[in-house]
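Student: Quick one: dock chain against chain with the hints and give me the complex.
The listed protein sequences derive, respectively, from chains P and W.
Throughout the first sequence, residue numbering follows the numbering used here, covering 16 to 782 in sequence.
Throughout the second sequence, residue numbering follows the numbering used here, covering 139 to 255 in sequence.
There may be inaccurate statements among the hints.
Unchecked claim - No farther apart than 30 Å at their CA atoms in a straight line, the calculated lysine-lysine pairs in the DSS-like style are these: (1) P/Lys38 with P/Lys163; (2) P/Lys564 with W/Lys247; (3) P/Lys370 with P/Lys447; (4) W/Lys247 with P/Lys569; (5) P/Lys456 with P/Lys163; (6) P/Lys772 with W/Lys247; (7) W/Lys247 with P/Lys447.
To be verified - To give a feel for the contact side, a few chain W residues facing chain P, derived at Cβ under 8 Å: (8) Ile155; (9) Leu170; (10) Ile221; (11) Phe228; (12) Lys234.
Claimed, not checked - Covered stretches of chain P (in silico footprint by chain W; criterion: 3 or more residues with CB under 8 Å from a CB of chain W, positions within the stretch not fixed): (13) 44 to 54; (14) 83 to 89; (15) 197 to 211; (16) 573 to 587; (17) 633 to 641; (18) 723 to 729; (19) 751 to 758.
Hints were generated in silico from the structure; no laboratory data involved.
We put the CB at the ideal spot given by N, CA and C, even for glycine.
If you want the building blocks of each chain, they are given just below.
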Amino acid sequence: MLTIIIIGFILAFLAPFIHRIAKGYSGLIFALYPAATFLWLIKQYNTVIEQGTQVIPMEWVPSLGIGIDFRLDGLSLLFGFLISGIGTIVLAYAGTYMKGVPNTDRFFVALIAFMASMLGLVFSDNIISLFVFWELTSFTSYFLIGFKHEYESTRKSALQALLITAGGGLALLAGLILLGIGAGSLSLSEILQSGDILAQSSFFNAAMLLIILGCFTKSAQFPFHFWLPSAMAAPTPVSAYLHSATMVKAGIFLLARLSPVFNGADGWHATLLLFGATTMLIGAIIAVLQTDLKKILAYTTVSALGLLTMLLGIGTEIAIKATVIFILAHALYKGALFLIAGIVDHETGSRDIRKLGNLFRSMPFTAVAGVLAGLSMAGIPPLFGFISKEYTYESTLGMVLNSPLTTSAFFITGVFFTAAAGMLVYMVFFGKSNRLNISPKETPFIMWIGPLVMGLLSLSLGFGSGLISPLLEQASFAIRPENTALKISLWHGINTELILSTFTVLLGVAAFLFVYFNPRLMSQIEISEKIKPSYAYDQIMGGVVDMSKIVTRKVQNGYIRVYVSVMVATFCVLALIVLQNFSIPTIGVSWSDFRVYDIVIGAIMLVACFYTVVAQSRLLAIAMLGVVGYGVAFVFIIFGAPDLAMTQILIETLTVVLFVLVLWKLPKYLIFAEGFIKFRYFLVSALFGLIMTWIVMIVTQYPLDSHLKAFFAENSYPRGMGRNVVNVILVDFRSLDTLGELVVLGIAAIGIYGLMKFNSDKKDFNP
Amino acid sequence: MEDVLPFLIGGLYGGGIYLILHRSFVKLIIGLIILGYASNLMLFTISRITRGAPPLIPEGATQLTEPFADPLPQALVLTAIVIGFGIQAFAIVLIKVGYLTGDTDDLDKLNTTDRLD
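Okay, chain W solo, but in the shape it has when bound (with noise of 0.2 Å):
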């Protein structure tokens, strides 16, 4: 598995890339849920990854004998989830307002704040 993850990883990327390059919005939400993953996959693998050795202190013992797997960057992914879920429910509720107000879910027809005169 660890010489898949680095492809996984690289395959999520273009994957959450290519649909922010379109013009839906909903297609732009999956596209960064997709980066997301990516990104906690990579934060995950780059701080080195351990097999089947969780960070659970058995009965008894008072600390963590190796082999077993950095619980810092499993601190960090979770919270990175969680702050990730926090902004998918409100882009997701973004959409279906920004919908029924703007009547479309096409970019190009939201850009009026970007245009000069």
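So that you can see chain P by itself, here it is in the shape it has in the complex (with noise of 0.2 Å):
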């Protein structure tokens, strides 16, 4: 399974290479990848009918218990056949819908490398390697929207998909771990198996939560849901695989996936029914106001995301088998319908309903593949979309609290479906001609073949459920470790399922007949802008940076003197929480001691130091400084240091001789402060001041114990021949450090050289 993964990362890596030798053809060998793992999961298939669940060990952070494991069961093979089949079906038709586009290489890389993380993601049987999949899809689902991102509203797009589902994944990760913690183990198999431990931890309401919302944000559930509808500027190919077949149901694997340690637990129900049926509701009420083929998927894919929520939110066993069958049939109809509407959109340059219209007769095989999904998505028999409809409503009607409530919305939903169903299909490939002036042909076979298998597959399962029944079984039973075998079969005979489901198809038409013959009365419908949620993400996203804005022109002020106060006294402030488990340490004269002229030196150099300070005049203050430099020397004079001294002397009068040298042409020296900010200054220095004063007392009154010192004491001489121990350190013991200093000197002395350079261009300059 690794490997597989793994190998899906080193093709998206290779990708552009291939793509510059295979051109054209490049999406049917990219398309061999997910082929070949469709072909491998059969295999382990046969061994999960067999066996049972598969788990592959594989470590990666042992001491912590994070491992790359992987899980083959029920619900992981039917999202990983989605995965691979799909993406083969979706790779193949891209090289072809993508030709002529620049920079289809970036595409493939961001498109297989999503193939390989979705893969991941599925398989994990650990929650931190599935949530680092989790992110990564997340990551290149952000590139592939952005795909055009020469267009703003293309970037917005991306942008807003990106801080939604990265957002909710940051909550993911933090309810994952709380599980990890309240499980004792962060392998899914063990957390799977220990739903009573984890009912009684503490933190199980708190991680139930924010996985939730994790979930929620992933799968475009209601008030999360607009990023899908803004996420259709990616390319088609990308809206048919990424934002309606799998990765927006990566929430709904989770939910199901956990569904085991929650289902019962007292939010769960709740949460998942409400907002369930409300981003139901929703999405299918504003899907039929909508005239763009892409927008009408999308708001269908968001109420059919709602409505996978509900059933799992149901939880029951009719609920739970509706959920893997409705999966199934939705992403087949739903990916068909969107590869349709590229197709279209690539013949016709259009995807607008009201413009199209009868073009059967120029794509008969694309109107085939169209009317068999279409079919399916309405929910007539015999297509497979018929019975997930069937288990739909056995589960809404089985349910013992708000089965009425919970049945009407999925009878509205489904009348809505069916109208949004004839509006994708009647009007694009049936009814008037075209109002685009063009004779549009059918596209190539590579294209159109795609949707029509997922059209037959359809067809076909709604007649031979029988053959795909094991896989969603196991499936169920991964969901619901108590389900009982699933038979599915087309006909039920006559009952309350039969007569709703007809009443929905029928009402359905009725609705598509009233948007079909009054196109003016469903554009007048407007939905307020300030009510969209998606208007309260804009208001938050201008108020992060407005507040960014702020924050900056607080911070980052440009004023030198603020900068370097606030460090000042963040320093002042760090050190006297430290200093306060210190005495302030007694100054012991020591009498015997006392020297008058040491006295006298610390009084001239604080004087001088204090001059400078105040000085009116460049040059009194220039000259100050340098008594206090000559100062500094006869400390070290004292103190048994006379090549410090000697240097402190020389470089002083360096130091004055330059500044009187070059400053005395500059302008009248500048006193800016008065007042209370000079007080100011002062009192932040003088804090300073003190604190300094209070460490150097503190430390000098603890032993010191360096071995250096007898260290250099005993072997400068034997070993570096040297009787100047300080000299010896310099150019012997630690003669690169010598060497660095030579370089900054060197440094400094080129970038001095630079700046008057850079001047002579312009004025003389005569330092």
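Tutor: Here you go:
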């Protein structure tokens, strides 16, 4: 399993080179990867059917219990088949669809990397590696949505999707870690078996809510649903693959995956039911108000994701069965419809259903695929979508509480689904002829074959549902271990579900006809911007930007004195926190050691320093600075450091000379600060000075144990052949440091030379 | 002197910071130089001082005998003084060039790179 995922990433890395060689056929070559994965999964599928869940362990960070373990069971296999199967179709399709588009190599890099990440996500058996793959899907999705990055709206959509899904990802990470702490293991297999321990854990509710939040953002549940329609800015193969069949179902996948742990918890059912049903209704209603093919598909996808969340929230045996059936049915018809929308857009240049029409003649194969997918979406027998709808009705009708509410919510959704299917298929392929003044022709085989296969699968699975039953049964076991065997059949006899289903279709057709004949009325319905969650998103994003501007203006205001005083004040506060543990040192003046010249030198230096600070003229300040410097040299002499004293005197002289030479031409010595500001500076610097005094006093009270002092004392002469130990250290023991010092001086010299050169172009400059 | 040094260091630090907080570029440099003195003295002091005993090995001996001043901090401070000079020289020329091109010694007029918009 790991091999497959690593191959995927390597292939993504190599994609630009392959694309350069294979040109128009690169899509077909890349499609071999998911196709091979699909075949490998079929082999694994047989093992799972015979021997049950397979876990492939693989250590990563064993000390933290993090592994790249993989788990093969019904649920992961169902998703694995969807990812690799639809992936094959999409890659082959994209090769032709993207022909002539610049930067197609980048597109394939992101798409293949996404494929590998998504496979990693669904097969992970460790919640940390699952999270890593989860985030990888968010990132690759960002690059794919932002593929046409030259448009500002595209960049905005991509950023929106990334911020929402990655923001939810943070909540998810926190939730997963809490879950791991509660269960005492990061392994999914162990977490799934420790539901009872987890229910006792104090983290249980927090973990559940955070995970739900993460899943809701990823699966575009209300109020986070708006990123998905915006994400339609991506090229259509991406919309078909990521934003309908795979990535957006990652949230659903994780909810289903952790269902055995949370099913039965108080908040679980209510939250999923409420948000799922809301999303389902909102998505369905907005869908029929759209006129852009991709927007209709996007909103019905939002609605379908809501339906899946709702079914997981119902959580009964039949609801879980309905979930897995609907996942498959939806992936088949929605993937096909997206690809068909892409074909239509590609051939006619328009996605507006008001302008399209009567394409059946010119594009028969695409039209057949569209009709099959549309019928499945509308839930008309004998297509697979019909079975899915029957199971959903059975789930809502079987609920103990709230059955009428959820049933009617689903009824409304079903009606709109049928209407939307009519808009997508009838208004494009039949009806009046198009208003585009073009004569479109059928696409190449490689583009229409994919949707047609998916449409035919929808049809054949309706009749031959027995073929797929074992897989779906395994998937339903994985979500709800106490589930019984699943026997899908097309005909259930005449019952409430069938009657409801019939009415759904009839009303749906009526709704479609209403939309069809009243295009003007439909276009007048507008939803106020202010009640949309995207308005809140824009407000929040704008607020964040404004806030950071304000903070930047405050913090990075361009005044050096503010930066310095903040740093100094921070240092003072931190130092005081540490220093409060030490008593104020006593000043024990030892009179026997008392020397008048010590006091005199110290006093002269302090007075000179004072005059440097308050001097009204630059020359006085520099002269006083020199006095301080010579004072420092005196201190060095007193305490046995003649080399330092010599250096200090030399350099002090040089500095003063340089200062006077260079600065004598400058303007009047500036005195800006007055009154209170001056006092504030004074307070900060006085506090800093006091703290430094205090620190020196404390440090010198403790004994110092220096091995180095003895080492240099012993070895200087024998090993360095020098009697001046300081010099031996500089040129011998620490000669590399001295070399570094020389380099610094050299750089400073070059810098000074550069500065003077820079200036000499403009004015005469003689320092 | 041992008792005087901490106050001297504190005084120099205070004076240095006070000058740095001014708007004048020249004062900033002078402040930096004073800060350099203070830091050198501090490093020198906290690694203990020994009066009147330079680390020089007398003729005839092969190693130092106590008491003698610790040579290592001296080596460090010596390096610091020299490097400090390099920075001072650079900064002094920078003020000059800055004044000749920007016509100001006022730090508040040299902050365009830190402005938004």
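Student: Identify every previously stated hint that the structure contradicts and give their numbers, smallest first.
Tutor: 7, 9, 13, 14, 15
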